[in-house]
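**Student:** Take the given structure of chain D and dock chain Z to it, following the hints.
There are 2 protein chains.
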Amino acid sequence: MLQFDLLTTDPASHARRGRLTLRHGQVQTPIFMPVGTHGSVKGVLPRSLHEMGAQIILGNTFHLWLRPGLAVLQGFGGLHGFEKWNKPILTDSGGFQVWSLGALRTITEEGVHFASPVNGDKLFLSPEVSMQIQTTLDSDIVMQLDECTPYETRGQRTTERAACQSMQMSLRWAKRSQDEFQRLNNPNALFGIVQGGMYENLRAESLAALAAMDLPGYAIGGVSVGEPKDEMLRIMAHTPHRLPAHKPRYLMGVGTPEDLVEGVAQGVDMFDCVMPTRNARNGTLFTRFGDLKIRNARHKTDPQPLDGSCTCYTCAGPSGVAWDQGGRDGFSRAYLHHLERCGEMLGPMLSTVHNLHYYLNLMREIRQALDAGEFTQLRARLKADRARGV
Amino acid sequence: MLQFDLLTTDPASHARRGRLTLRHGQVQTPIFMPVGTHGSVKGVLPRSLHEMGAQIILGNTFHLWLRPGLAVLQGFGGLHGFEKWNKPILTDSGGFQVWSLGALRTITEEGVHFASPVNGDKLFLSPEVSMQIQTTLDSDIVMQLDECTPYETRGQRTTERAACQSMQMSLRWAKRSQDEFQRLNNPNALFGIVQGGMYENLRAESLAALAAMDLPGYAIGGVSVGEPKDEMLRIMAHTPHRLPAHKPRYLMGVGTPEDLVEGVAQGVDMFDCVMPTRNARNGTLFTRFGDLKIRNARHKTDPQPLDGSCTCYTCAGPSGVAWDQGGRDGFSRAYLHHLERCGEMLGPMLSTVHNLHYYLNLMREIRQALDAGEFTQLRARLKADRARGV
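So the protein sequences, as listed, match chains D and Z. Per my numbering: the first sequence = residues 10 to 399. Per my numbering: the second sequence = residues 10 to 399.
As the list makes no split between identical chains, a pair holds if one copy fits it or if it spans any two.
Here are the simulated EDC-like cross-link-like pairs (lysine to aspartate or glutamate), alpha carbons at most 16 angstroms apart as the crow flies:
1) Lys93 / Asp338
2) Lys93 / Asp311
3) Lys184 / Glu137
4) Lys256 / Asp223
5) Lys184 / Glu119
6) Lys96 / Asp338
7) Lys238 / Glu161
Treat the hints as calculated values from the structure; they're not laboratory data.
The following block holds chain D by itself, in its conformation from the complex (with noise of 0.2 angstroms):
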């Protein structure tokens, strides 16, 4: 099931502030999902992503499968209870993993054979598979299996050909991805993924082809695959807001903070990213004034937490009250500096927390925005804001 209430649009932009109801909750849009790859966030407590407010979370069909298997993630009713996540979960289609492996797999129009990364084994992922396969996960939200145009291979742009027959067999996949959820009775909601490559004309008829399918819910799909920034934007401007108004729109793998206002202006709901985790890995963190290095030596003495304004538990401690507001319970960027310098575990937890909060509360700051009204003046002083510095 999916039901999917429009219930503000911005006059002055496409950004929409909707509810989605699935079948384990409901979630407010536009929303950011955290990437939970095989079955978890990676770095967080599931408490943490409840208490910080992540109302969805991804899961990866092809890691899945492979890893613990269907047969394990069965005798849990799914990945919900194999994770211990009652709210809802979205699982991509297995698509992009695959195409990623590059030579370890071959791409037919029946679907794809591969080998196995973790042990091996021959395996073949169609759009048939990848629906029983996310039928056994009982995903809220179902990916089609597409095939993901790559932006250039080997130095060479895709043609406007390639990107054309390649989208065309999405469209196939998308049809065969919908006739098997069908016939499984897959209770779950079923998205299209919108193709073409950076195409214009290609993703406009990926587009009214999808739509004439009348899915639930439409993502666009082979943005952030490599290409120049201006061109993520040039697709990002097309496609969303020509997608149907009353169903969820999500654009896969994007991005950066300031992506992701930019998206919502251009009609966005839904966005998933690994951006917020991994660099809380590598030591990059989200701030409202900008991007900061921790492992930099000017923070070695610095009692501030990372952002003055974040009431995450990293910045604000158990109290939640911001160092701005007069908090002093967080954790001080010479403590974080520290921890990355001494390369304890203790500093990539504490970063994801911050950074997932960051991403999850600029979504809330800009539903917030867009329910009072107030949608561009956020998105000019979020801009601002960003481009200060830290």
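**Tutor:** Chain Z only, in chain D's frame:
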């Protein structure tokens, strides 16, 4: 300051129930102290430590001296402010760590010359320097600088003569530590450390000399340094109960759950060990019914938590209701096995929560049994349970 109230003593053993009052709060004994080497108990959020009932944690003088260094720690008013831990802290003297440097250090009567393993700087640690560092750290319990007498050197057991010389130097260092501690007007509590290797007569001599110094607490050092288990048990049976009864007794670096129960029976009040945290990261979990290696394939599909009687977040989830009491919110062995196989950070994180909770809860059960006059029964039950196998 330090006040030690002896609440009850077990008539059938040397076990005792006490209460330690320190500058940053009270500690109920017998107690296990999690080890926070670099100012962080590895793999666990401070809030989790509070929730699982940690009353006092350790910090390492040697490591904190090298990183972040005294200037940084001074800026935070000591270790409590730096690591945001507002309950008591005990710091070791740095003696064990410089001793462990082996060829990189030279020990003389004056102190220890060594090269920093972080940046090669030539450094000098003496009783006076150790007291100065620990005064900056402002730890509630300060340990004297001692020389850790090795069990053997290149396969040769330490002779009585060598152990005696080493022990006597540690006594002179105890006096120098005490003098410097007083000169610095350190408001906390200095513990002496009984040495003497595996020789009871030397242990007795060390103990008598330290007792004459009227320090507020005493530790048993030089155990858990590579000696066979029966040697450790022999020293554990000899020394603790001979220490002044009205002062706290701390057995350094020990040990397994069985060692802790035995140590309590021999009159020990305080323990520290890296075992629960280190083993957690290696996938060895402590349970009521013995130890468990989570990597073992037999856990692959197991829906049970690590320990059905455990109420930690890992075993019982946010509700805290144990599996045996019908709780089903905890993480399964199958899930922990999966996390370990995938190298997910959440694996060591959840394992650390469990192992530390196990140790702290074991001590809580011991305290309750002592309060109820049932230590003998508990001791027998713990032994039988642990031997049963998980």
